[in-house]
Amino acid sequence: MTLVLEHPSVVDLGIAKPRGQTRVVVAMSGGVDSSVAAALVAAAGYDTIGITLQLYDHGAAVERKGACCAGQDIHDARNVSDALGIPHYVLDYESRFRQSVIDDFADAYLRGETPIPCVRCNQTVKFRDLLATARDLEADALVTGHYVQRVAGPAGAELHAALDPSRDQSYFLFATTREQLDFLRFPLGGLPKTETRALAERFGLPVAAKPDSQDICFVPGGRYADVVEKLRPGAAEPGEIVDRDGRVLGAHKGILHFTIGQRRGLHLGNTDGAGEPLYVLRLDAATRQVVVGPRAALGRRYVRVSEVNWLGDAPLGQEPIRCQVKLRSTMPPVAALLWRGADDGAHVALDAPEFGISPGQACVAYDGSRVLGGGWIAETAEEPPA
Amino acid sequence: MTRTAVYLDYNATAPAAPGVARAMADAVALGGNASSVHAKGRAARRLIDGVRGKVALAVGSKPANVIFTSGGTEANRLALTASGKPRVLASAVEHPAVTAYCPPGNLLPVDADGRLDLQALRAALAQDGAGAIVSLMLANNETGVLQPVAEAAAIAHAAGAILHCDAVQGFGKMPVDMAALGVDLLTVSAHKVGGPAGVGALVLANGLLLSSTRAAGGQEQGRRSGTENLAGIAGFGAALDHLGGMLADCDRQSVLRKRLEAALRPDAVVFGLDARRLANTVCVAMPGVAAETQVMAFDLAGFCVSAGAACSSGKVQASPVLLAMGVAPELAATAIRVSFGSGTTVEEIDAFAAQWKLLYGRRQAA
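Chains A and B, in that order, give the protein sequences. Using the working numbering, you'd call the opening residue of the first sequence number 286 and step up by one each time. Using the working numbering, you'd call the opening residue of the second sequence number 43 and step up by one each time.
Just so you know, not all the hints are guaranteed correct.
Said to hold, decoys possible - What follows is a set of in silico ranges between Cβ atoms, one per label pair, in the way DEER data are often shown: (1) B:Gly147 x A:Gln357: 31 to 37 Å; (2) B:Thr46 x A:Thr479: 41 to 47 Å; (3) B:Gly259 x A:Gly330: 55 to 61 Å; (4) A:Thr479 x B:Thr269: 51 to 57 Å; (5) A:Gly330 x B:Ala396: 24 to 30 Å.
Unchecked claim - Chain B stretches covered by chain A per the calculated footprint, using a threshold of three residues with CB under 8 Å from any CB of chain A: (6) 326-335; (7) 339-347.
What the hints assert, rightly or not - Residues of chain A placed beyond 12 Å of chain B at every Cβ, according to the derived structure: (8) Ala424; (9) Gly524; (10) Leu553; (11) Leu583.
If you're looking for bench data, these hints aren't it; they were derived computationally from the structure. Idealized CB from N, CA, C, for every residue including glycine.
Start from the sequences and build out the full structure, keeping to the hints where you can.
Printed below as a string of structure tokens:
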């Protein structure tokens with residue numbers, strides 16, 4: 286059965302071939318977003334193929350004996366594909382996901398960082414490995430359900446934030462290369478989420494009422510520390526909670542339980558002598574110390590960024606450019622200067638200090654809605670780089 | 043999607059043989075519980091026992107030795123858990139339905155063609171042979187390579203052990219004679235020979251008794267409780283009516299197999315090339331192209347083949363069979379299984395070979 290939809294937002298992927306002869310692979314997670322993306326592509330008449338990645342052992346992740354290795358999401362993706370009348374395949378990416386994403390996730394926490402595995406996943410298993418498989422299948426494009434927009438610009442494909450800022454996922458896609466972007470399409474980038482739900486119902490998709498996923502997919506219930514401790518047994522060593530002068534204020538069960546800017550979970554009564562709330566300022570993996578202090582001490586204006594992926598038309602140079610940056614997924618962009626650093630790094634000078642900038646998170650630079658590029662936060666400082 | 047696919051996955055399941063669907067529909071219409079005393083029950087019993095006789099005849103045994111099960115998996119479980127021999131040994135290339143009952147340390151090595159190492163079997167049986175049951179398949183499901191079942195049975199018996207043969211893949215593709223093989227228990231499945239899935243049989247050697255099965259309803263002479271699957275058994279019987287034709291077609295399939303292998307080599311690596319193999323099975327690697335990619339690409343081009351052992355989610359894992367044969371994991375990850383049957387034509391084989399070369403050539407060009 287093939288569903289046909291009459292809707293103003295019938296997608297056009299902008300490929301100069303008849304749609305019926307244009308093969309499109311859709312990365313289907315089993316969630317409502319990628320299901321609607323697949324439905325839109327199929328309804329537009331493209332030769333549509335659904336692929337779902339088996340990324341981790343669902344049964345092991347939820348620690349339930351006998352739970353299927355696949356989990357409900359794969360079955361949902363298959364059911365949606367059946368309803369759409371498109372072929373659907375499952376690729377076993379467990380080992381590469383483990384290598385590229387999960388190991389990195391655990392090690393980052395042990396280094397005192399706060400990682401974003403979703404970026405690594407997009408960067409590796411999705412846009413490197415799955416994209417290569419799509420090319421092997423002679424596809425003309427790879428479609429995902431991400432809320433970002435790909436705009437054909439004068440100098441090639443541009444990456445832009447989603448039309449609906451509340452759904453925007455461009456922060457998580459900063460590492461997408463130009464070559465990958467050429468091959469990618471994001472049919473949901475111009476839709477608000479409410480419309481996605483309405484479309485899911487309109488297409489009669491079996492996942493129309495499925496709740497959005499909030500957690501990191503391999504971290505059930507958001508208990509990331511449990512996952513890290515399972516992956517790196519014994520690595521979560523206890524240590525001291527100290528103030529900026531090195532005075533010991535208490536003890537903790539491992540730095541992986543903390544994130545810079547965090548206030549809860551210190552179990553110090555959360556105040557120092559002056560009665561001011563205490564925040565995590567710094568995590569020192571070598572000494573296993575959690576350094577705490579008042580909120581004012583969290584402020585940082587300078588950020589060093591590594592592994593920069595640049596998508597701007599003009600290459601990033603030593604001369605600072607004006608832009609807006611996001612230093613975590615949930616913050617609105619703030620004004621900053623950006624210039625090239627050593628190796629593939631860059632430096633950021635914020636117009637005003639930001640509080641709770643954590644190494645391991647991404648720094649993504651925007652010009653309005655357009656993503657200029659981004660990299661990983663390596664370190665922060667109160668003073669400009671020498 | 044709309045084109046009729048070329049089906050080259052007979053080892054996964056064979057297309058229904060002529061008359062099977064009709065026989066099953068008739069059995070459903072007949073109704074009756076074979077355990078009932080009345081006329082309808084007797085009619086059902088007659089049907090079941092008729093098929094029991096066909097199964098026995100097909101494997102060179104007696105009707106009383108045939109226990110109907112829900113398929114090969116259950117027959118293997120019954121064999122390996124109820125034989126009265128607590129120590130299970132198996133070749134490293136057995137189907138998961140067997141290895142599930144064999145401790146990893148009791149898996150016996152195979153040679154480069156995947157044939158059981160008989161010396162290793164002897165050594166394993168040197169102690170506590172009398173407490174052991176050895177499970178060895180007739181033909182491998184992935185490579186089609188034949189196992190030295192008769193030799194292994196002789197070794198097992200000399201040590202006081204018994205031998206179970208999982209003949210699911212070999213049955214219907216080569217003659218099976220339990221007495222000649224010397225096996226004590228034999229598993230067959232209907233859907234590999236054109237019958238329906240969900241029915242199979244465990245066949246015992248004369249005089250062998252099963253122990254420790256739960257009595258419950260006590261069907262199948264107390265050896266397998268549960269109301270018999272009348273329609274399934276009827277379908278099995280209808281498929282067995284074609285057994286002679288299936289075996290007679292093997293020579294033709296053997297020609298197809300050689301034609302395919304000649305067309306694909308030397309680019310392709312065929313596993314067990316020089317070993318005695320089933321006429322219908324080719325396990326072939328396309329170096330440099332992941333098996334899962336091949337399976338998708340062939341499917342999109344209208345050819346049904348399979349790779350490795352597919353889990354119920356459909357994901358493809360590296361074949362433990364090829365790894366046990368000492369095949370490098372990188373090469374094993376590029377192996378697919380092509381398996382055909384009496385419905386397969388030379389045109390289909392040639393079309394598949396052409397598609398294979400197209401895919402391989404594209405990768406070479408990339």
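- Was Leu553 of chain A rightly flagged as not at the interface, with every chain B Cβ beyond 12 Å? holds, 47 Å
- Message: Is the claim that Leu583 of chain A lies outside the interface with chain B correct, judged by CB distances over 12 Å?
- Response: Label holds. Min Cβ-Cβ 45 Å, cutoff 12 Å.
- Claimed clearance of chain B by Gly524 of chain A, with the beta carbon kept past 12 Å: holds, 40 Å
- State, for the Cβ atoms of Thr479 of chain A and Thr269 of chain B, whether the hinted interval 51 to 57 Å holds or is violated. At roughly 53 Å between Cβ atoms, Thr269 of chain B and Thr479 of chain A fall inside 51 to 57 Å, so the hint holds.
- 8 Å C-beta criterion, at least three residues: is the stretch 326-335 of chain B covered by chain A: Three-residue rule met by the stretch 326-335 of chain B, so holds; n is 4.
- Message: Cut-off 8 Å, C-beta pairs, minimum 3 residues; does the coverage of the stretch 339-347 of chain B by chain A stand?
- Response: It holds, with 3 qualifying residues against the three required.
- Query: Does the Cβ-Cβ separation between Thr46 of chain B and Thr479 of chain A fall within 41 to 47 Å?
  - Reply: holds, 43 Å
- Per the hint of 31 to 37 Å, is the separation of the Cβ atoms of Gly147 of chain B and Gln357 of chain A within bounds? About 35 Å separates the Cβ atoms of Gly147 of chain B and Gln357 of chain A, which means 31 to 37 Å holds.
- Using the C-beta atoms of Gly330 of chain A and Ala396 of chain B, is the stated range 24 to 30 Å upheld? Cβ of Gly330 of chain A to Cβ of Ala396 of chain B: about 29 Å, so the range 24 to 30 Å holds.
- Message: Does Ala424 of chain A clear chain B by more than 12 Å, comparing its Cβ with all Cβ atoms of that chain?
- Response: Since the minimum Cβ distance to chain B is about 10 Å, Ala424 of chain A lies within 12 Å and the statement is violated.
- With 55 to 61 Å as the target window, see if Gly259 of chain B and Gly330 of chain A comply at their CB atoms. At 56 Å between Cβs, range holds.
Taken one by one, the earlier hints fail for this structure only at number 8.
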